[in-house]
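Turn these sequences into a full structure, and let the hints guide you.
The residues making up each chain are set out below.
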Amino acid sequence: MSAFNAIGEDREVERDEYTPGIEPQATWCPGCGDFGVLKALKGAMADLGKDPEEILLVTGIGCSGKLSSYFDSYGFHTIHGRALPIARAAKLANPELEVIAAGGDGDGYGIGGNHFMHTARENHDFTYIVFNNEIFGLTKGQTSPTSPKGHKSKTQPHGSAKSPIRPLTTALTAGATYAARTAAVNPNQAQEILVEAIEHDGFSHIDFLTQCPTWNKDAKQYVPYVDVQQSDDYDFDVSDRREAADMMQKTEEALYEGEVLTGRFYHEADRPSYGQEKRELGEMPDEPLAERYHDDDYEWERSYDLLDPHK
Amino acid sequence: MTEEIVWRIAGGSGDGIDSTSQNFAKALMRSGLDVFTHRHYPSRIRGGHTYVEVRAGPDDVASRGDGYNFLLALGDSFARNPQEDAYYGNEEAKPLAENLDELREGGVIVYDEGLIDPEEIPDFEERVEENDWNVYPLDLRGMAREKGREVMRNTAGVGATAALLDYDLEHVEDLMEDAMSGEVLEANLEILEAAYQQVKEMEFSHDLRMPTGDHDEEQVLLSGSNAIAFGALDEGCRFISGYPMTPWTEVFTLMSKYLPEMGGVSEQVEDEIAAAALALGASHAGVKAMSGSSGGGFALMSEPLGLAEMTETPVVLIEAMRAGPSTGMPTKPEQSDLEHVLYTSQGDSSRVVFAPGNVMEAYEQTREAFRIAYEYQLPAIVLYDQKLSGELRNVDESFFDREPNPDLGETLTEEELAEAAHHASGKFQRFQHDPDNDKGVSPRSIPGQKGGKFLATGNEHTPEGHISEDPDNRVAQLERRLGKLDTIRDDLDEQEGSHQSYHGPEDADYGILTFGSQQGTVEEAVDRLNEAGHSVKSLGVSGVMPLAEAEITEFLESVDEALVVEMTASAQFRGLVQKEIGRFGPKMNSLLKYNGNPFEPHEIVEGFETIIEGSEPAPTTRFVPAAGD
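Residue numbers (our numbering), protein chains in the order written: chain A, 1 to 311; chain B, 1 to 629.
I should point out that these hints are in silico values taken from the structure, not numbers from a laboratory. Where hints are given, some of them may not hold.
[Claimed, not checked] In silico DSS-like links for lysine-lysine, alpha-carbon gap of 30 Å or less:
#1 A:Lys39 / B:Lys450
#2 B:Lys450 / A:Lys278
#3 B:Lys200 / A:Lys311
#4 B:Lys257 / A:Lys311
#5 A:Lys278 / B:Lys200
Values in this document were obtained by computation on a predicted structure and should not be read as measured data.
As structure tokens, this is what we get:
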């Protein structure tokens, strides 16, 4: 039995349970795509019957980072780009926690790009939602790593000479075992994908297209999306790396010109998660480390027992 | 008959100098002597001049000595690199040539004539004569080759040492039997014995003999890094995350070795920002966690360090100083990260910094860092340096016979959380000032607990964790966080045994003030100064944040003048004392050393005499005149 009672009790959960008792004044702009992420996350957690207190939502900085303020669970609103390393350790310390990490495109693909690559390669067992609106919103509209080439902003007045990062292909190349793209304007698909991603035993990355009505009116955030799983035109094996990469390339090019594909692009179900690998190597205990501190019967080993080689 | 032996083994990096010296030190310890090692090595993997000194005596040895009296020069087997013509020619003789300056008069030299040709060293013969050195060329490489492999010439050297110093081989043999087996053991034992016998038959010109000692109880040989790792384990730390960097790597690798066996987790991650962030994540989730680095890596930890302060997340960070700025001198000690560690990260900060002065303090203060971090919910830093990191000394085994402490500090049970104050939003008032708790600590919940949900955020926040820029709330939260430092100061003052180390006569006229790893050397210098007729005492400070104000004030008030000894070029520690206490400026003089080597006792003796009596500065030190002059 868990030392933390909120964990492991299956029950019916209403989505309102994830809404703080008094509605905090959301600082997101009217029409912001971030509301769509919040709604989809609440719906997904309710579908999964997760107790709000067994969820740890770790966020970065920026508009996306405020998700943890408006979703009522344990939250850790961290620092710019660093949600992933904090989420990783929380999951290793207590694998029974339902850990969700969230950040924006600047936060997750820019300053936190290094952590993104390494979290994907290690295949930590949690879900990472990146709010992708192709712009730095909270700092008032600068070019982001996903802004299209030629994008003009106050910091790049002559237009960006950089090609946008390709988040899905990056995740796949780095070793993520689940990668999907969805959009705030498509809440039903978003919720379904979140459910699948959270249930996935490994690192699941979701590039979540979120419109920024204030700073990025040019982006193609409002166009209708094509759900690759719903369309016969895009039949592919979601567990095949090569086919997934091909489809990812299509959506990543189309984001800036043409119709945008969303849906699940890669799902590798049989690779053990990082925690599992570590347990098998004997590098991590079977029981959650955090529980040990609540177990009065646990016998703590002492350094005194390690002295022999030093004598 | 000599009082002490300072045995220096020199060779190329990768030639087994480190392991040979460790084993020899352990053999000496087992035979009842007190030992202390000093390690000098270059920032390269193989080749290049490296040496380790083992100082051994019948009584407490707490620092490196002044120079040494026995050189075992093995030759640098990696000096010649046939693939690289660009390499600087023949450096095989460096282990002999480079070590002559500090060899005491009448000292003994054993060199490997299989690798070293002393004719390559200009004026070698003259210097030998001048200094009355006793030179024994031995074909150590040949002996090793004959009975085993060339790398075993270290063993031949140890055998020769034992014969020359009249030391019982049995202790060395016992150690070898513990450490190896099979053919390797057989070969080493044969080489050891052969070298011993060969040298025994020679005629000696020296009168150095290994001193004898007698311990009351079993001893263990530990480095500062060992002690930090053991301290962390005993305080219930079961999670470490890090990135390799010299010299912090030693603690990291030790913890990575022990933790999986003890059911803990070690993570080597992509960079130091991630490393410190992981430690925070683990701690937030309810585990005792640590991370650490050396100067440049610690610079990256500045962000998570501030986050730990703002979110009141307990965490321990270890900082192993080396010479800076930037990459500096990776394998050379300095104490110049002091200000970096005290002040890095934005905002008014609340953190605790301990600077242990020796191996025992490294253990105790690492435990104390964890205790304080978890009891008061803030980051605590153990600041040490490359010197303390690698030096070995013997400690009574019973010193480690202590109870573990897995206490997470003030956390609430679910029953208590049910009764605890909650905000209208349903969130637990995690950051509320508890009027019943005069420590300024707000008890926390652990994610997963019922009734405990809250938001930890790097923004300023209300008691339940909602982001807030309300001025009254800001003042209340900030003052509560900063106020913990005063409480911690009182807490530390009340602990049994001071975190400061006093040495010398209480009523001395002059004082030497130092911090961290220079403590033992300063204390030895104080003894010598008093023997020479001066009236001196010392205070080695470990509590640098909060600064041990009361003790430093009292110490400085009690002396006419003080010398502040530190391995920085900008008198950072003296600056800290002046900033925090704001008095005594004219009383304090600086003795600074920043050439990559720690102080030797004689330098402090000379520095003291120079400053107090006004003679010329010694070449390796820089003297800063007293403020106000």
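Mind checking the alpha carbons of Lys39 of chain A and Lys450 of chain B for me, to see if they're no more than 30 Å apart?
24 Å, holds
With a cut-off of 30 Å on the C-alpha distance, tell me whether Lys257 of chain B and Lys311 of chain A pass.
Given pair Lys257 of chain B, Lys311 of chain A holds - Cα atoms ~18 Å apart, limit 30 Å.
Quick one, are Lys278 of chain A and Lys200 of chain B close enough, alpha carbons at most 30 Å?
55 Å, violated
Hinted pair, alpha-carbon criterion (30 Å max): Lys200 of chain B, Lys311 of chain A. Please report holds or violated.
29 Å, holds
Restraint status (C-alpha distance of Lys450 of chain B to Lys278 of chain A at most 30 Å):
Holds, at roughly 29 Å.
In the structure shown, a violation is registered for the earlier hint numbered 5 alone.
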